[in-house]
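> Sequence:
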Amino acid sequence: MLTRLRVSGFKNLINVDVRFGPFTCVIGANGVGKSNLFDAIQLLSALADRSLIDAARSIRNVGVRPADIRSLFHHAGEHYGDNISLEAEMIIPGEGVDALRQRVVASTTFLRYAVTLAYRADESERSFGSLEILKEELDHINIGEATKHLLFPNKPKWRRSVIYGRRATPFISTEDQDDGCVIVLHQDGSGGGPIARSAGNLPRTVLSVANTAATPTALLARQEMLSWRLLQLEPTALRQPDEFTAASRLDTNGAHLPSALYHMAIQYARVMKVSEEEAISSVYNKVTTRLGELIEDVNAIWIDRDQRRELMTLYATDRNGTAYPARALSDGTLRFLALAVLEQETDAHGLLCMEELENGIHPERIPAMVRLARELATNTSQPAGPDNPLRQVTLNPHAPAVIAQITADDLMIAENRPVDEKDSTARQITFGCIHETWRQKAQETVSTIPRNHLLDTLNLVVPGLSVLYVENEEGEEAAIREEKTQQASDLQMALFTVS
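Mapping of the sequence shown onto our numbering: residues 21 to 519, in sequence order.
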């Protein structure tokens with residue numbers, strides 16, 4: 021669970037310091053750069069698994085040429101910054117398995133990870149340059165200070181279930197030596213002592229190679245960061261059947277939906293110690309019930325396992341008993357179904373970032389969609405466990421009907437403000453909150469907006485509905501026209517598409 025993120029030098033993010041709760045909704049005017057916050061999170065996740073260059077190239081709008089990685093650095097005109105600094109405070113799982121499927125246990129579960137990257141030009145001009153690590157650190161946060169760091173509402177019984185352990189020294193540290201900077205991986209499991217590596221020639225982060233029981237806490241921190249996913253559900257991927265050998269988890273684009281649902285049922289059988297038939301019935305019925313909140317016509321969701329072709333296909337049955345394969349379901353139904361399947365994960369953890377959650381959903385059905393997204397997040401009033409996984413959700417919506425469903429505590433507001441009050445030409449993005457909500461308790465400076473000033477401050481308009489709408493470049497008229505278009509092309513009032 022990502023609880024705090026500091027970013028500087030990445031795209032238009034300069035000295036950004038934001039806090040996340042279990043459920044967060046980022047809003048702001050179009051073009052302000054809200055998506056860059058998600059990109060920074062994805063860069064951190066990629067750095068935990070890939071080489072520096074591959075991690076940079078994995079971020080959207082970055083091309084395959086080495087020169088394109090410069091676009092990740094903050095720039096004003098033709099001048100580019102040289103450094104990107106990222107720092108995350110997070111709660112990690114207390115245990116897991118390593119690359120050899122051996123059980124590992126974290127020394128402590130509340131951590132802070134920081135990395136600073138620099139762009140290095142090739143003086144020989146034989147290439148476009150590269151990335152270098154200037155600093156990398158992984159350290160613990162004292163349990164006694166947890167309440168100072170976790171400002172969102174939470175109960176002690178939840179906090180005790182996710183934050184525990186102790187540690188006196190760092191897990192990864194950066195040290196200056198005579199021959200240059202070195203990054204040290206300190207072992208907290210069985211094995212030898214610390215391992216030092218010269219920072220100047222590292223092709224990837226030290227955290228990304230922590231994959232054995234010798235460094236269990238760093239390994240579990242790495243796995244936590246890899247679970248920070250940007251969901252961009254594509255109807256084409258959601259409609260596809262799966263081979264028996266397909267991945268057992270839902271991909272970020274929605275691929276492997278049949279396989280994910282089937283394997284969740286099998287996992288449920290193991291965890292709850294019931295028969296596979298009983299588990300399949302229970303899990304499929306839960307998904308059906310959840311989908312029924314969106315569509316009244318659905319009677320059953322199930323997976324057909326074709327033994328001859330070794331294919332799994334998702335089916336929905338209506339109240340008349342007619343079965344329809346996934347390829348016949350509407351876009352909105354499939355997206356809702358994907359979230360309903362994710363809800364059934366018993367071993368889920370990490371962060372789900374979702375942009376434009378409302379795509380393909382009729383405005384009347386959006387409250388159910390937002391309610392499902394919110395209930396995917398951990399309930400901080402109850403202990404974490406299989407029925408309350410340590411999972412969080414962050415939204416970046418555009419539709420007014422989504423924003424209307426969000427409570428003030430869950431809103432994070434993006435604004436484009438001048439860097440210097442005397443010079444309005446240089447601007448940067450800031451993330452604030454509604455006045456008198458939990459983020460205002462932070463020790464760092466937090467910009468706040470009075471509830472009754474939200475519309476004026478963010479250039480929001482109300483196009484004939486009692487909801488907020490983020491005005492686009494064409495203004496209010498375009499906003500109203502877009503709503504009419506959405507209603508005309510909606511596929512969600514019925515469960516199935518017309519073939």
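It is worth saying that the hints were derived from the structure and are not from the lab. As the structure is a computational prediction, the values presented were derived from the model and not from experiment. Treat the hints with care, since some could be wrong.
Computed cross-link-like contacts, EDC-like style, restricted to lysine to aspartate or glutamate with a CA-CA straight-line distance of at most 20 Å [unchecked claim]: (1) LYS168 <-> GLU115; (2) LYS306 <-> ASP367; (3) LYS177 <-> ASP271; (4) LYS293 <-> ASP407; (5) LYS175 <-> ASP407.
Ranges of calculated distance between the beta carbons of each label pair, as one might list FRET restraints [stated by the list, open to error]: (6) ILE73 <-> GLY341: 53 to 59 Å; (7) ASP367 <-> HIS99: 45 to 51 Å; (8) ARG180 <-> GLY220: 39 to 45 Å; (9) ARG269 <-> GLY220: 34 to 40 Å.
C-beta atoms are modelled at their ideal positions from N, C-alpha and C, and glycine is treated no differently.
> Next, verify each hint and record whether it holds.
Here's how the hints hold up against the structure:
no.	hint	in the structure
1	LYS168 <-> GLU115	violated (25 Å)
2	LYS306 <-> ASP367	holds (17 Å)
3	LYS177 <-> ASP271	violated (32 Å)
4	LYS293 <-> ASP407	holds (15 Å)
5	LYS175 <-> ASP407	holds (17 Å)
6	ILE73 <-> GLY341: 53 to 59 Å	holds (55 Å)
7	ASP367 <-> HIS99: 45 to 51 Å	holds (47 Å)
8	ARG180 <-> GLY220: 39 to 45 Å	holds (43 Å)
9	ARG269 <-> GLY220: 34 to 40 Å	holds (37 Å)
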